[in-house]
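Undergrad: So you can see what is in the structure, the chains are spelled out below.
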Amino acid sequence: MRFGGLTAVDHVSFTAHAGDITAVIGPNGAGKTTVFNLITGFYTPSSGELLLHGRSGHRPLHRTPGHRIAQEGVARTFQNIRLFAGMTVLENLLVAQHNQLQKATFFGVGAVLGLGGYRAAEREAMKRAKHWLEATRLLDRADDAAGSLPYGAQRRLEIARAMCTDPVLLCLDEPAAGLNPRESEELSELIRLIRASGCSILLIEHDMGVVMKISDRVVVLDHGKKIADGTAAEVRADEKVIAAYLGTGDEGEHPSPVVEGAV
Amino acid sequence: MAYALQQLINGVALGMIYGLIAVGYTMVYGIIGMINFAHGDIFMVGAFISLISFVLISMGGWTAGPGAILLVLLVSMAITALYGWSVERVAYRPLRGSFRLAPLISAIGMSIVLQNYVQVAQGARVKPIEAIITGNLEIWHGNGFAVSISTMQAVIVVVTLAVLAIFTWLVTRTALGRAMRACEQDRKMAGLLGIDTDRTISITFVIGAALASVAGTMYLLRYGVIDFYIGFLAGVKAFTAAVLGGIGSLPGAVLGGLLIGLIETFWSAYFSVEYKDVATFAILVITLIFMPTGLLGRAEVEKV
Amino acid sequence: MSTANSRFGVPHEGGVPHSDDGVPDPGEMGGIPRVGPGPAPRPPLTHALRDALLAALVAAGLFIPLVGLRTDVGPGGGGLMIRTRWGDVAILVGIVFAARLLLNLWSNFRPAPAPRSAQRTALMGRVGTAVAPALLALAIALPFLPGTTRYGLDLGILVLTYVMLGWGLNIVVGLAGLLDLGYVAFYAVGAYSYALLSTTFDLSFWICLPLAGILAAFWGVLLGFPVLRLRGDYLAIVTLAFGEIIRVVLLNWVSLTGGPNGISGIPRPTFFGLSFSAGGGPGSFADFFGLEPSPTHRVVFLYYLILGLALLTNWVTLRLRRQPLGRAWEALREDEIACRALGINVTNTKLSAFAIGAMFGGFAGAFFATRQAFISPESFTFIESAIILAIVVLGGLGSQLGVAIAALVMIGGFEAFRDLEEYRMLVFGGAMVAIMVWRPRGLVSSRTPSVSLGARKAISAELVGQGR
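Chains as they are written, first to last, in the numbering used here: chain L, 1 to 263; chain F, 264 to 567; chain V, 568 to 1035.
Bound-form chain L, shown alone:
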C-alpha cells in the first residue's frame, strides 16, 4: 500500500486462520491500522490481494466495494470509537443489522406499510441485539444514548455492534486502549466468547498482557514490513521483535526526573 511516495505496508503477507485469534502488533506507525483499513475496504491496495474464505466461498476483498465487505462477513471496530453517539445503544445495534432488515422490508416499501414479514425480521433483530447486549453487559443501558456511556462501555458497545452484523471475521483495532486492568480482563473474556461463537478474530493491540494471553498467533509489523509471525511465545523470543520494540543502541539513558514525590 502506497500513499504518494510513502509505502506504508510493503509485502505483508499473513493468514488469519478460521477460529483463531490472530494478533497484529508492532510499534506505532508500523502500518497495523493500514492493514486493517485494507482488509475492511477503506483503502484499496496498490498491489497484492486479500482473500476471504467466507460464507459465499472465496471472495477477493481487494476487489469488493467498501460496504460489501461487511456484508461478506468482515466486521470491525475503530481505534477512536465511532459510535452513533446520538442514537440509543439499541438503535446502534439495529443499524448494524440494516441489510437483513432492509431485505425484509422489500427495500423500504413494505416497511412504510407495515407488512408482516418485516415485523418478524425486526423481532429477530431485537433478539440478536439483546443477545449481544447481554454478552457485553449493556442490557440495562439499552435505551441510553450511546454517547452518554462511559468509555469502557462504549468500547464494548462497538464490539457488540460489529457482532450484530453476524461476521465471520471480527477486526478489533486496539480494543483495550484506555481500559483499566479489570476492564481489559473482561475484554479478553468477551473476545474468547466471540471466538467460541464461531467468529475468527483479528486483533491490533498494544496491551501485551491481552495479546499474549488470548492470541493463537501473533504477526509483528515494523516499518510496514512483517518481521515475525508465530505463536505468542515464539514472537516474544524473536530478536528482531525485541529490537523493533526497544530500539537498538542508546540504551541505559535515564532521563532525570522533572517531578518527584509521592501523593
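If you're looking for bench data, these hints aren't it; they were derived computationally from the structure. Take the hints with a grain of salt, since some may be wrong.
[Unchecked claim] Distance windows between CB atoms, simulated: (1) Asp140(L) x Ala699(V): 27 to 37 Å; (2) Phe534(F) x Arg717(V): 44 to 54 Å; (3) Leu795(V) x Gly296(F): 14 to 24 Å; (4) Arg137(L) x Arg889(V): 40 to 50 Å; (5) Glu134(L) x Val788(V): 35 to 45 Å; (6) His58(L) x Val788(V): 48 to 58 Å; (7) Ala699(V) x Arg2(L): 54 to 64 Å.
[What the hints assert, rightly or not] One-sided excerpt, in silico: chain F residues whose CB lies under 10 Å from chain V: (8) Tyr266; (9) Leu268; (10) Gln270; (11) Pro357; (12) Ala365; (13) Pro366; (14) Ile368; (15) Ala370; (16) Asn379; (17) Val389; (18) Glu393; (19) Val541.
[Stated by the list, open to error] Distance condition first, Cα-Cα at most 30 Å in a straight line; then the derived DSSO-like pairs of lysine-lysine: (20) Lys213(L) x Lys225(L); (21) Lys1024(V) x Lys103(L); (22) Lys130(L) x Lys103(L); (23) Lys226(L) x Lys240(L); (24) Lys226(L) x Lys213(L); (25) Lys1024(V) x Lys127(L); (26) Lys240(L) x Lys225(L); (27) Lys1024(V) x Lys130(L); (28) Lys213(L) x Lys240(L).
Since we're looking at a predicted model, the values are computed, not measured. Glycine included, each C-beta is placed from N, C-alpha and C at the ideal position.
Based on the hints, put chains F and V in the right spot on chain L.
TA: Same frame as chain L, now just chains F and V:
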C-alpha cells in the same frame, strides 16, 4: 484573437473583484469554519459607503483625482470594517462553539437584515454615479480591432494587487497573522497558549470586511450603478470562487475569483449572457466532482 | 470572589468598583446578551454606562453614513443629491444606548442561569406530547371555527405549505444530516411539472401530483449523484448552485417555461372530478352536494388538501424513522465511516434521502401551482430555500413538531407584521438572528429514540450529530 484578448482583460478585472470578496469568505471559513453568508452584503455596504463618500466629495467641489479615490477607499474600508466587526459581535460570537448550522442561519438572517436595512435607509432605486476614471490605454491594434485596457481596469488590477500584497504580508509575516493561522489550526489550543481568540476572530472579520469594501469601491467605479441587491449575487459568486479554489486557502480564493471572472466573461462573449451563471455553477459542480476539496484545498483525509 | 457573590446577591450598584469583576470588552455592542459557560460579568453601573456609551459610539459610526446621509437621484435625473437625517441617527443611537444599558443592568439583576438542558429536554418532551395533538386538532377544525376568515384560511394554507416543505427538507438535513441550500429547486420542479403537464396534456390534478413528485425525486437523485463525495460546505454551495441553475434555466428557457412571464391558467384541482367553479352549474362541487355555490369551498378544499399532503409527509417520515432506512439516515448523520463498516450502502442511503425529500418538495410545488394558478421563477429564489432551511433549523433538526411550530411562528409572524411594510423583512431577518442566538439548537432540540426496550428517553441535543 484580439477579441479573446480583450475578454481576457475584462475577465481578469472582474475576477479580481470576486477574488477580493472571496478572500473574506475563505478567511472566515478558515478560522471559524462557517459560511459568512452576510459577507456579500458587507461588500454591498462597502459599495454604498463609497458611493456616499464620492457624492459628498463632489458636493464639496473637490474634483475626483487619485487623492480623492484613496480617501474614499480608506473611509469605506474603515466604516465597512466596523460593520463587519459589529455583525460578528452581534450575530456570530454568541453562537461560538455551538451547533454547526446555527451560525449559518444567523448569517442568512444577518444578510436579510443588511439588505433590507440598506434598502430602507438608502431607498430601493438603483444609484448611478458619473464615471470617475475614464480613458483607455490602447495596447494592441490590428485587423481593424483594437485591444484596449481602460484606465479603470488598470486601476482595479493595480489596487487589487496592492491590497492583496499588503494583506498577504499581514497574514504571513506578522504576529497577528501567526495568531490567525494558529486559531485556524486549533482554536482551543491557541487559546490555551495565550492567544486572544475572540480578538483574533474579530480582526479576521474586520480585515475581510475591509477587503470586501475595496471590492465594493472597485465595483462602483467599474459599473457606475449599485443597488441594495448587488451583494447577493456577488456574494454567491465569490463564495463559489472560494470553494472552487479550495475553501480555507487564500491563494485559492484569488485563483477561484479569477477563474469565475474569466468563465463568466468568456461565456458571455462567446455563448450567451443569459446562461453565464449556469456556466459558472456548472463548472463549480464539475470541478468539485473530480476535486472534492477544490483546486488548492487541502485534501481532507479522515483518519479511520 | 465578588463574581460568585454577585451572582445571587445584591449587585454592587454604587459600591466600590471591582476592577477584577469582568470588565467587558471595550466597545461591546448590540442587543444580544453573552452566552457561554461560566458566570457572566456583572458590571456595576459605571461600567454598564461606559459599555453602553461605547456601543452608542459604534452605532453612531454605523448609522451616520448610511442612515444620516441619504442619497437620492436629484431633480431632473442628474447626479445624486444628499439629504441629511441626523434626527433619525440620533434616535437609533439613543435606542442602542438604552438597549445596551438595560441589558447590562438586567444581566446584573438576572437570577441564576436557566435550568440545565436535561431538565429542559424532559420538560419539552412532556409539553410536546400535549402540544402536537392540540395543534393537529386546531389545524383540522380551523375552517369551521367561528371567526375564521377567508384571509385566515389563506394564511393557514401558506403556513401549511411551509410546514410541508420544512418536513420534506427535514428528511435531508435533519435526519440524513446533508446540508441542502437548494431545496427550492425541487419545489420549482414540482410546480413546473404540474403546470406543464396539466396545461399541455390536460391531465387532472390527481394524476399530475404523483408525476410531479416522481419528477422532483428524479431531480433529487440527479443532484445527489455528483454531491455524494462532498462534505459540509462544499455540499452546501453545490446544492445552492443547483437551485440557482434551475431558476436561471426556468427564467431563460422561454419556449418551455414562458421565461419571466411564467405559466398562467393552470387548472384548479377538482374534488373527484367535481369542479369548484364560482357559478356552480352542473358537475360542480356545489351542485353535486346541493350547496350554495361559494368561493370559500375551493379555499376550504385547498386547505384540507395541503393539510392532507403535509400529514402524509409527516406520516411517511415518522414511519421511515422507525424503519431500517430511516435509522440508516440518522446513522449516516452520526458517522458515515461507521455506516460503511457496518455494510450500509452509503450511496443508496444518501440518494434515497435526497429523492424522498425532493419528492415531498415536488408535491408541495404541485400544490403551490394549482393553488396560485400562476407560477413564475420569481417564486423560487434562494431566499425561499433559506427560509425553509431556517424553519428546519429554528424548529430543531429532526423534530417534526419543532418544524411545524417554527413554520407557524416564522410565516405566521411574517404575515402578522404586514403593517410594517418595508421594515417587515428587516424584522424577519432580525428575528432569525435573535432566535438562533436564543436557542442555537432550535425550539425542540432533543431527539426521541426510534425504538426502545423500556421507557423511551429523550436524547439531549449535545449528543446528537450535526451532519456534514
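Undergrad: Holds or violated: the 35 to 45 Å window for the beta-carbon distance between Glu134(L) and Val788(V)?
TA: Hint holds: Cβ distance 42 Å, inside 35 to 45 Å.
Undergrad: Hint check: Lys226(L) vs Lys213(L), CA-CA at most 30 Å. Holds or violated?
TA: holds (21 Å)
Undergrad: Holds or violated: is the Cβ of Glu393(F) closer than 10 Å to a Cβ in chain V?
TA: holds (6 Å)
Undergrad: Is the Cα-Cα distance between Lys226(L) and Lys240(L) 30 Å or less?
TA: holds (10 Å)
Undergrad: Does the alpha-carbon distance linking Lys1024(V) and Lys103(L) stay inside the 30 Å limit?
TA: Answer holds: Lys1024(V) to Lys103(L) is near 29 Å, not above 30 Å.
Undergrad: Would the stated hint for Ala365(F) survive a check requiring a Cβ distance to chain V of less than 10 Å?
TA: Result: holds, 4 Å to nearest chain V Cβ.
Undergrad: Do the alpha carbons of Lys1024(V) and Lys130(L) lie within 30 Å of each other, as the hint requires?
TA: Holds - the C-alpha atoms of Lys130(L) and Lys1024(V) are around 18 Å apart, at most 30 Å.
Undergrad: Are Val389(F) and chain V close enough, Cβ to Cβ, to be under 10 Å, as the hint says?
TA: Holds, because the Cβ-Cβ distance from Val389(F) to chain V comes to roughly 9 Å (cut-off 10 Å).
Undergrad: Please work out if Lys213(L) and Lys240(L) have their alpha carbons no farther apart than 30 Å.
TA: holds (21 Å)
Undergrad: Was the hint right that Gln270(F) lines chain V, CB cutoff 10 Å?
TA: violated (21 Å)
Undergrad: Confirm or reject the claim that Arg137(L) and Arg889(V) have a C-beta distance inside 40 to 50 Å.
TA: Given a distance of about 27 Å, which is not inside 40 to 50 Å, the answer is violated.
Undergrad: Given a hinted range of 54 to 64 Å, is it respected by the beta-carbon distance of Ala699(V) and Arg2(L)?
TA: holds (56 Å)
Hint check: violations occur at hints 4, 6, 8, 9 and 10; the rest are consistent with the structure.
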